[in-house]
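Student: So the sequence lines, in the order shown, correspond to chains A and B. Quick note: the first sequence uses the working numbering, first residue 1, plus one each step. Quick note: the second sequence uses the working numbering, first residue 1, plus one each step.
It should be emphasised that the hints constitute simulated quantities derived from the structure, not laboratory data. Treat the hints with care, as some may be off.
[As the list claims (entries may be wrong)] Some, not all, of what chain A presents toward chain B, calculated at C-beta under 7 angstroms:
{"id": "1", "residue": "L74"}
{"id": "2", "residue": "T118"}
{"id": "3", "residue": "F120"}
{"id": "4", "residue": "A124"}
{"id": "5", "residue": "V125"}
{"id": "6", "residue": "F128"}
{"id": "7", "residue": "S207"}
{"id": "8", "residue": "G208"}
{"id": "9", "residue": "K231"}
{"id": "10", "residue": "S241"}
{"id": "11", "residue": "I248"}
{"id": "12", "residue": "V265"}
[Unchecked claim] To spell it out: a stretch of chain B is covered by chain A in this simulated footprint if at least three of its residues, at any positions, have a beta carbon under 8 angstroms from a beta carbon of chain A; those stretches are:
{"id": "13", "region": "151 to 159"}
{"id": "14", "region": "305 to 315"}
In this text, a Cβ means the ideal position worked out from N, Cα and C, and glycines have one as well.
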Amino acid sequence: MSIFKGNPLTLIGFIIITIILFIAVFASVLSPYDPNYIDINSILLPPSFEHLMGTDGLGRDVLSRMLYGARISLFVGFVAVGIATLIGIVLGSIAGFYGGWVDSIIMRLVDIMLSIPTFFLILAVIAFLTPSIWNIMIVIGLTSWMGVTRLVRAEFLSLRQRDFVLASIVMGTSNRKVITKHLLPNSLTPIIVSSVLGIASAVLIESGLSFLGLGVQAPTASWGNILTDGKEYIQFAWWLSLFPGLAILITVLGYNLLGEGLRDVLDPKNK
Amino acid sequence: MIKYLIKRILWMIPMLIGISLISFFIMHLAPGDITSSEASFNPKASEESRQKLRELYNLDKPVIVQYGLWLKRIVSLDFGNSFASHQRPVLWQTKDKNGNIIKGLIQESLPITLLINLIGIFLIFSISIILGTISAVKQNSIVDRSITFFIFVAFAIPGFWLALLLMYWTGVMNQWLPISGLHSLDYKSFSQVGQFFDLLKHLILPVSISMLSGLAGISLYVRNGMLDVLHQDFITTARSKGLKEKNIIFTHALKNAILPLITIIGLSIPGLIGGSVIAESIFAIPGMGKLFYDSVLMRDFPVIMGILTIGSVLTLIGTLIADIGYAWADPRIRKGLVK
Numbered sequence: 001m002s003i004f005k006g007n008p009l010t011l012i013g014f015i016i017i018t019i020i021l022f023i024a025v026f027a028s029v030l031s032p033y034d035p036n037y038i039d040i041n042s043i044l045l046p047p048s049f050e051h052l053m054g055t056d057g058l059g060r061d062v063l064s065r066m067l068y069g070a071r072i073s074l075f076v077g078f079v080a081v082g083i084a085t086l087i088g089i090v091l092g093s094i095a096g097f098y099g100g101w102v103d104s105i106i107m108r109l110v111d112i113m114l115s116i117p118t119f120f121l122i123l124a125v126i127a128f129l130t131p132s133i134w135n136i137m138i139v140i141g142l143t144s145w146m147g148v149t150r151l152v153r154a155e156f157l158s159l160r161q162r163d164f165v166l167a168s169i170v171m172g173t174s175n176r177k178v179i180t181k182h183l184l185p186n187s188l189t190p191i192i193v194s195s196v197l198g199i200a201s202a203v204l205i206e207s208g209l210s211f212l213g214l215g216v217q218a219p220t221a222s223w224g225n226i227l228t229d230g231k232e233y234i235q236f237a238w239w240l241s242l243f244p245g246l247a248i249l250i251t252v253l254g255y256n257l258l259g260e261g262l263r264d265v266l267d268p269k270n271k
Numbered sequence: 001m002i003k004y005l006i007k008r009i010l011w012m013i014p015m016l017i018g019i020s021l022i023s024f025f026i027m028h029l030a031p032g033d034i035t036s037s038e039a040s041f042n043p044k045a046s047e048e049s050r051q052k053l054r055e056l057y058n059l060d061k062p063v064i065v066q067y068g069l070w071l072k073r074i075v076s077l078d079f080g081n082s083f084a085s086h087q088r089p090v091l092w093q094t095k096d097k098n099g100n101i102i103k104g105l106i107q108e109s110l111p112i113t114l115l116i117n118l119i120g121i122f123l124i125f126s127i128s129i130i131l132g133t134i135s136a137v138k139q140n141s142i143v144d145r146s147i148t149f150f151i152f153v154a155f156a157i158p159g160f161w162l163a164l165l166l167m168y169w170t171g172v173m174n175q176w177l178p179i180s181g182l183h184s185l186d187y188k189s190f191s192q193v194g195q196f197f198d199l200l201k202h203l204i205l206p207v208s209i210s211m212l213s214g215l216a217g218i219s220l221y222v223r224n225g226m227l228d229v230l231h232q233d234f235i236t237t238a239r240s241k242g243l244k245e246k247n248i249i250f251t252h253a254l255k256n257a258i259l260p261l262i263t264i265i266g267l268s269i270p271g272l273i274g275g276s277v278i279a280e281s282i283f284a285i286p287g288m289g290k291l292f293y294d295s296v297l298m299r300d301f302p303v304i305m306g307i308l309t310i311g312s313v314l315t316l317i318g319t320l321i322a323d324i325g326y327a328w329a330d331p332r333i334r335k336g337l338v339k
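Next up, chain B with everything else stripped away, as it sits in the complex (with noise of 0.2 angstroms):
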C-alpha cells in the first residue's frame, strides 16, 4: 500500500509539468504578442500595464527561457496579479505599502467553489447509489423505465436553459428561493443559524444545476454496475444458499458495484470544476467559474492562466483521493496482493 502511495504521488510530477506545458502554450496561442492583443481588447490596459505583463511573462526571451521562468514563478505559488481588479494577487494575498491585507482573487473564490462541488459529489453518491440500485433490482419495472428516463433527459437538458426556468420559477413567478448571490442583502443582522441556513437557500439552485447531469452518468452507472453483478456467480450461489433478497442486494452486491464509483467520481471532477463557470455566472456567485468567465470577457490572462493551473492541480487532487481512496476500499490493493 505504501509502495502504490509513493508511486501515485511521484506520477503526478509528469503530470503537473505537461499541464504547465499545455497552459503555457495556450498563452502563446493569442497572434501576435499577448501585450498588444491585451491592449487592443482591455481598455483599461496601459502601457505601464503593458510593460508589467512583458515582464511578468519574460516576453523579449526565447520561449524556453520564458516556460523555464513562468514554471519557476508558478512553482513558488506566485501567479502575478491581475489586470482588471485593480492589481490584485491572482493566487494570494499579500501586503500593500500601508500594511493593509490585500486578499488574493483565487484565495476568496476556491472555497466557495469547493463548497458548492463538495455539496454536488456528496449529493451525487448518494442519490445516484439509490436511484441505480433501485432502477437495477427493478429492472424494466415503471419505476426502472422513469429512473432511466429522467437519467436522459437530465443528459440532454442544456444546464443553463433549466437555470433560466428555474430562476423563472422559483424566483420571479414564486419568490420562493433567492436567485442570486450567496448571501440576502441583511444577512448580517441574522445569528449565526440565520446565516447558515440563507447560505443553504442561495446554494439549492446553483447546487442542482452544477450537479444535474454528473447525478444522470453515475447513476446510469451504478445501475449497468449492478445489473452486471447481479448477473455474477456469487449472486447465484448466495440467492441457492437461501440467503434474503435484501441481503443479496444491500451486503453482496452493492459493495461491489459501487467500488468503482470512487474512480468515476474523481474522474468527474474536471467536469464539475469546470462546470461550475456556468452555475456561478447565471446565478452571481463569486466562485471561481464566474472569476474565470469575467476574466475570459476582459482578458485579464494572469487571473485565466491561474485558474486554468489550479483548476488542472485541484483535479490531479481529486484522482489522487479517488485512487488512494478505492485502493484502500479494495481489500485485494490493500493487502498488496494486485498491484
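In isolation and in its complexed conformation, chain A is listed as follows (with noise of 0.2 angstroms):
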C-alpha cells in the first residue's frame, strides 16, 4: 500500500494494532485458561512451558489475563475516543461554520476545559460516580474531546472561504447539506490522525487509572490492574510487573507510530 512506502515505522505500528485487534477479538481462543479462574495450588508461579507468563497471587493464568486484558484497553480505547470525536465534531463544527458568538462561547469552554488539570479532573468525576469501565470511558471521551473541537473548527473556517463551497452555500445547498457533504469529507484526515493519537493517551490513561484502583475493577483483567499486583508482589514476581507494562508500551507506541504515519502521509504540505 502507498501508505506505508518508505515509512517503514507506519508499517509497524499498523502491524502492532492489526496484532492487538486480533488478540482482543479472539481472546477467548487464544487465552489457554479461564483468566478469572483462582488456583491457589499454584500461586505466583513463573513463566514456564504451563504458564507462558506465569501465574500471580491468586494462582491465576498472567497470560489469559492479558489476553483478555487486550479486550478492555481496546475497547477503553476506541469507545473514549469515539465519546470524544462525536462531540469534538459536533462543537467543532456548529463553532466553525456559525462563527459570531456561538464559535465564541464553543471556544471560551474548550479554553477552560483545558485549564483544569485533566487527570484531576478524571479523578474527581471518579470520586463523584463509582469506578467501573463504562464509567471511565464515559469519564475519559467527556475530557479529550477539546483538540479534535479545535481542529474541526480551524478546518471549517479555512474551508468556508474556498470557492465550492461558497459556489454551494449561494446555490442555496441548506447548511446542513454543506456540513455533512463538502466540509466534514474534507476535513476528515485530520479528524483521522488525532483520533489515532486520542487512542494512544486513552489506553494510557486508562491504565494508569486501574493501577490507582480506580479504573477497570477485579476481577475483570486489566493491564492497569494486573500491574496493581505487579506493585505489591514486585520483589519476588517480576513477571507480574513486566508483561502488562510492556503490553501498554507496544501499544502506545503502535497507535502513536501509525498515527504520525498518517499525519505525515495525508498531510499535503509533506508531499
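Both chains are sitting in their own frames, so use the hints and assemble them into the complex.
Tutor: Spelled out as C-alpha cells, the structure:
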C-alpha cells in the first residue's frame, strides 16, 4: 500500500495494532486458561511452558489475563475516543460554520476545560461516581474532546472560504448539507489522525486509573490492574510487572507510530 | 504592552467563573445528594459531619443559590474543612480553641508539588532544547534517529510502570536511591547542606517520572520547530552571507525556534500538575497529587473540590506568566506592532 511506502515506522505501527486487534477479538479462543480461574495450588509461579507468563497472587494465568486485558484496553480506547470525537465534530462544526457568538462560547468552553488539570478532573468525577469500565470510558471521552473541536473548527474556517463551498452556499444548499457533504468529508484526515493519537492517550489514562485502583475493577483483568498486583509482589514476581507494562508500551507506541505516520502521509504539505 | 497585560488579566475572570461552574457541576454528579453517598462510602462520616456538609454546600437551597453561596466562599478563599483528617482546614491554617495553629492541607502539600514541577519544567526546558536542536541539525543521522526513538518510547511508556521498574532497580536491587517520601528518617540530624542533598536524592526519581512525557513532547516540538526555521529564507541568506554554521544555529535559528516554547510550556502545566498524582502516590510524596488521590479514595469532598479549584487557578496563573513571557520575548508584541 502506498501509505507505507518509504515509511517503515508506520508499517510497524499498523502491524502492532492489527495484532492487538486480533488478540482482543480472539482472546477467548487464544487464552489457555480461564482468566479469572483462581488456583491456590499455583500461586506466583514463574513463567514456564505451562504458564507462559507465570501466575499471579491468586494463581490465575497471567497470559490469559493479558489477552483479555487487550480487549479492555482496546474497548476503552475506541469508545472513549469515539465519544470525544463525536463531541468534537459537533461542537467544532457549529463553531467553525456559524462563527460569531456561538463560536466564542464554544471556544471559551474549550479554554476552560483545557485549564483544569485533566487527571484531577477525571479523578474528581470518578470520586463522585463509582469506578467502573463504563464510567471510565465516558469520563475519558468527556474530558478529551477539546483538541478535536479546535481542529474541526480550524478546518471549517479555512474550507468555508474555498470556492466550491461558497458556490454551494450561494446555490442555496442547506447548511446541514454543506456541513455533511462538503466540509466534514474534507476535514476527515486530521480527525482520523487525532483519533488514532487519542486512542493512545486513552489507553495510557485507563491503565493509569486501573493501576491506582480507580479504573477497571477486579476481577476483570486490565493491564493496569495486573500491574497493581505487580507492585505488591515486585520483589518476588517480576513477571507480574514486566509483561503488562510492555504490553501498554507497545500498544501506545503502535497507535502513536500509526497516527504520526498517517499525519505525514496525508498532510499535503509533505508531498 | 500594558494594554495587552490588562486585557490578558481581565480575561481570567470569565475563565475563573467557568472553572467554578464546572467544578460545581461535578459535585452534583453524585447520585442522590452527596451527603448520602458520602455517608455510605466513608465510614468516618457521622450524622454530625453530614449535617456540616449540608450546611457547607447549602444543600437544602435551590441549585442557583447553592452555586452563589459556594462561589462567595471560594472567592473569600474558604474551602471548608476536611472530613477525613480530623476536620483540618482544606486551604489555609486556622487557630483552634486552644490557640494552636492548624495548618491547611493544601498549604502544606502545594509547595512540594510546585517544587517538583518547577524543577521538572526547568529540566524539560533545558534538555529538550539540547535534544531537539541536535536532532534537527543532524537530521536523519544516527543521533537524530536515536533521539526520535527515545522520544517515541518516552511518549508511550506508562509513567507508573517505569516508576515501578526504577524503584526496583535503584531502590530494591541496588539501593542507590531512596524510593519513598521526601526525607530520610534521620534527616534531622544532618547539617543544612546534608538535608538539602538528602532532599535532592529523594527528588530524583519522582521528578524524572513526572517530567518524562513532557520532555518527549517538547523535544519533538523543538526538533520540528528547528527544522522549519532552518528551511526559511533568512537562514539561507545568513548562509550565503558566509556566516559560521555555529552562529546561524545558535543566534539566528534557535531564538526563533524556542520562542513558541514559552507558550507550549504554559500549556503543559495542567498535564504536569495532574500527572503529579501518579508520581507522588507511587513514591509516597506528601504533595498535592497524593493528597488528591487519598481524598478521592476517602471521598473527602471538600478537599477534592479545593484541589480541583486551586489546581485550575494555578494553571491559569501559569499560562498567564507564559503569555506575558512570550509577549516580553517577542519584540513585535513588546513594541505593540502586532496584537
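Student: Give a verdict on every hint.
Tutor: Tested hints:
no.	hint	verdict
1	L74	16 angstroms, violated
2	T118	5 angstroms, holds
3	F120	5 angstroms, holds
4	A124	5 angstroms, holds
5	V125	6 angstroms, holds
6	F128	4 angstroms, holds
7	S207	6 angstroms, holds
8	G208	6 angstroms, holds
9	K231	6 angstroms, holds
10	S241	6 angstroms, holds
11	I248	5 angstroms, holds
12	V265	16 angstroms, violated
13	151 to 159	holds (count 7)
14	305 to 315	holds (count 6)
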